[in-house]
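Participant: For reference, the chains in residue letters:
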Amino acid sequence: SAVISQKPSRDICQRGTSLTIQCQVDSQVTMMFWYRQQPGQSLTLIATANQGSEATYESGFVIDKFPISRPNLTFSTLTVSNMSPEDSSIYLCSVRTSLHDTQYFGPGTRLTVL
Amino acid sequence: AQSVTQPDIHITVSEGASLELRCNYSYGATPYLFWYVQSPGQGLQLLLKYFSGDTLVQGIKGFEAEFKRSQSSFNLRKPSVHWSDAAEYFCAVGALANQAGTALIFGKGTTLSVSS
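As you go down the protein sequences, you meet chains A and B in turn. Following the working numbering, the numbering of the first sequence begins with 2 at its first residue and continues without gaps. Following the working numbering, the numbering of the second sequence begins with 3 at its first residue and continues without gaps.
The following block holds chain B by itself, in its conformation from the complex (with noise of 0.2 Å):
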């Protein structure tokens, strides 16, 4: 069955310092891959997302993301984090084949709080 694995379930890191988040998959079939983040009390927002092709992919607010299929990963990077960035982060993954009514399987999240 597939799943999607964050370890960290939280991280502190200092403003302006680097990110990654850690996000590992497992999936039968070629997976597409999405980050999204969740402020508090607000809705999901699309961080980036991996269909195909070029295995690093760039997305909003500086975020982004490597794809890569020998280790099933897909982490989550920012050069220099910002105090705006404090939220919880999801990692998903879904099916890139014709089954239809296949929806994103999530993680756990990995809460990020900035410290200055």
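The following block holds chain A by itself, in its conformation from the complex (with noise of 0.2 Å):
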């Protein structure tokens, strides 16, 4: 299994600043994702957080706005740009250590935008 992390666990922000979430895990994973739960819906994943290298982004979400960093295999971050309201969510980091693991997910950063 793996242990993660994400600082900060919530936080309220101004519209048109910008909030950098962090996502620690306890040990080397291949594979780092983000997603995104908006109020009362399901999770969509944003993008596939690529060592080393530029996300993977979903349909929908760009760099511009949702920047992603992997320096290593147990540490990314994604920052929430140019915020407004729309960007109140809980934002989620997930692992899986190999292709016939579990997918785990930490514990969210809820995110309130005014």
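No lab work stands behind these hints: they were computed from the structure. Zero decoy hints are in this set.
Below are the BS3-like pairs computed for lysine-lysine, each with C-alpha atoms no more than 30 Å apart in a straight line:
(1) B:K110 with A:K66
(2) B:K70 with B:K51
(3) B:K110 with A:K8
Everything numeric in this text was worked out from a predicted model, so none of it was measured.
Mind docking these for me? Both chains are given alone in their own frames, and the hints should help you get the complex.
Facilitator: Laid out in structure tokens, this is it:
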């Protein structure tokens, strides 16, 4: 299994600002992902964080809005840029150690944009 | 494209009654399937998973699910529901193939309410 921590756990931000969310895993993992869960909704995949290269974004998500870094096999950041109230969501980091393993989720970062 | 459908948005069952939550998937490759539960204000907890083998899988908290390839379904069941089972339940599907970076795709979820 993998234990995932995220910082911050929650934040309240002003419109037009940016927030960087950190994800730390207690072991090296092959695959890291970022999801968004809007209020009362399911999880939507934002991107796959690739070590040493640009993230792979899903349709509807772009690098300028959600830049992602992954400098090593245990750490990643997601930045939510130029925020608007529509960005108010829970952002979750997720990892898989291998294709035949479970996908684990961090506790999430609850973001409110005013 | 892969997708997961949970037809029931909200289900209410009486405490002690049986439960079945439906999940249908569309996936071109051999799928692996999960059920997660999310209690209010809490993170995602894995209930059970199916990779291969026996199509009836047992999970935590007395839950089980049955994979039916012919129906593209992976329904979650529990014989006797407890009030603490009230939560949001998500079905998810992923690829069991050599596709690096493949992430789980989630259904929209089913909210379970338990009445006394």
